[in-house]
Amino acid sequence: MHSSKPANPDSALLAEQLARVALGDRAAFRRVYELSSAHLFGVALRILNRRDLAEEVLQESFVSVWHKAGDYQASMAAPMTWLISVVRNRALDLVRSAAQRHETALPQDEDGRELDIEDGKGDLLDMLGEATEALSVRGCMDALDAPHRQSLALAYYHGLSHSEVAEQMAAPLGSVKAWVRRGLDRLKRCLEAQA
Amino acid sequence: MNYQRPELIDRLASEYALGTLRGPALRRFRRLMQQSPQIRQAVQQWETRLAALAVSVPPVAPPAKTLLAIEAQLGWATKPRASLWSWLRPAMVFSVGLVIGVGAVMLQPQRFVSLDALAQREQALPQSYVGLLTDREGRPTVLASSTRQGTRMTIKLLRPLDVPTGKVLQLWALPQDEAGKPLAAFPLGVVPATAKGGFEMAASAESLLSNVTRLGVTLQEAPAAAGDAPPASAEAFVLTGHCVKLW
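Line order of the protein sequences matches chains X and D. Mapping of the first sequence onto full-length UniProt numbering: position 158 corresponds to residue 158, and the numbering continues sequentially without gaps. Mapping of the second sequence onto full-length UniProt numbering: position 143 corresponds to residue 143, and the numbering continues sequentially without gaps.
Bound conformation, chain X alone:
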């Protein structure tokens, strides 16, 4: 699976610094933050659409990284993969708990500012295209119908549930579930074929 690890930042350097964090090295912890925080903040911001919540998630994630760096196994995943999973899972937890409180979506921030991220459908597909390009699987993924790619991108980059994707795309829930599934299957097959 290492062939599909995110390209930035320097994976070996990050893995080495994480190993030092596990031994309580604060300078290494700051280095990990310096190397990865902008990328991780970008990921959280896409899902949460609010700077204050993304900051909160980034903060909790790094506190957790300090405590759990010993759990990170370099043999199992690239360091950035692990860090992205920590941040995405926390961001998704926040989104889910907001949904449980019957808020249809996370509100705008308290100052009523515009949401930070604006994604037209094209923008999201471009982002997916760019990522699959970097993974050398763009051709393989582009063979998938646009709505399939679109629903996968909405679920991944914005952390939307099936029903939220359905609402965004004005499509039946059953269709969206099938599209997301096909998108995931396709991604797996493309990456395996590429490897």
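Simulated from the structure, these hints should not be mistaken for lab results. Bear in mind the structure is a predicted one, so any value in this text is a computation, not a measurement.
Within a straight-line C-alpha distance of at most 30 angstroms, the following computed DSBU-like cross-link-like pairs (lysine-lysine) qualify:
id: 1; chain 1: D; residue 1: K65; chain 2: X; residue 2: K68
id: 2; chain 1: X; residue 1: K68; chain 2: D; residue 2: K196
id: 3; chain 1: D; residue 1: K167; chain 2: X; residue 2: K68
id: 4; chain 1: D; residue 1: K245; chain 2: X; residue 2: K68
Position chain D against the provided structure of chain X, taking the given hints into account.
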């Protein structure tokens, strides 16, 4: 549903990693994930595949205050200080405040009173046995602790340890009688060469360590078994340190 089916595991793992698994299905899957290495592996594979899609997400610099907030939450907000504190503080924050008394007694006796007062204020230290082992240069290297009635010895490495392939780090208890005369050392367990870990002892800390005043670590071919002869001389120990009662 039959959660043994690999294709079902793969499907649920993909939806979990994507974030579309919600509600009762999510809770059920999290429970299963804790029990099954196979499921954890499937999730990990999907997290790796999907994390690759994040490569194109434009980075956004977080505000400078975020790192300060993280450090404050970790209890690092104050100025850097002597090296003793650099490892003592995080341990305290994470509730292993156990090191306070030991570190002070071992390295800076004159600070003992104030640190003890701090520990008293925390009111959070369980009755425990604590050992702080230093290397031959006197650098704190291994922190070993167990609650008084517990059987688990928790080990925290304070410095990286270079363990040659095929060797293990054997932790020994060095007891003494009431008159202070050394009694035969006995093996406690193997120190894991990871940052944090531990092992189960043969009996509770109280029954094993009540007359143990020192701990030692030898580098040897295989773990020692109960009844094995102790190291022939003090020279055999690569790490040694006091073992104290924290109550």
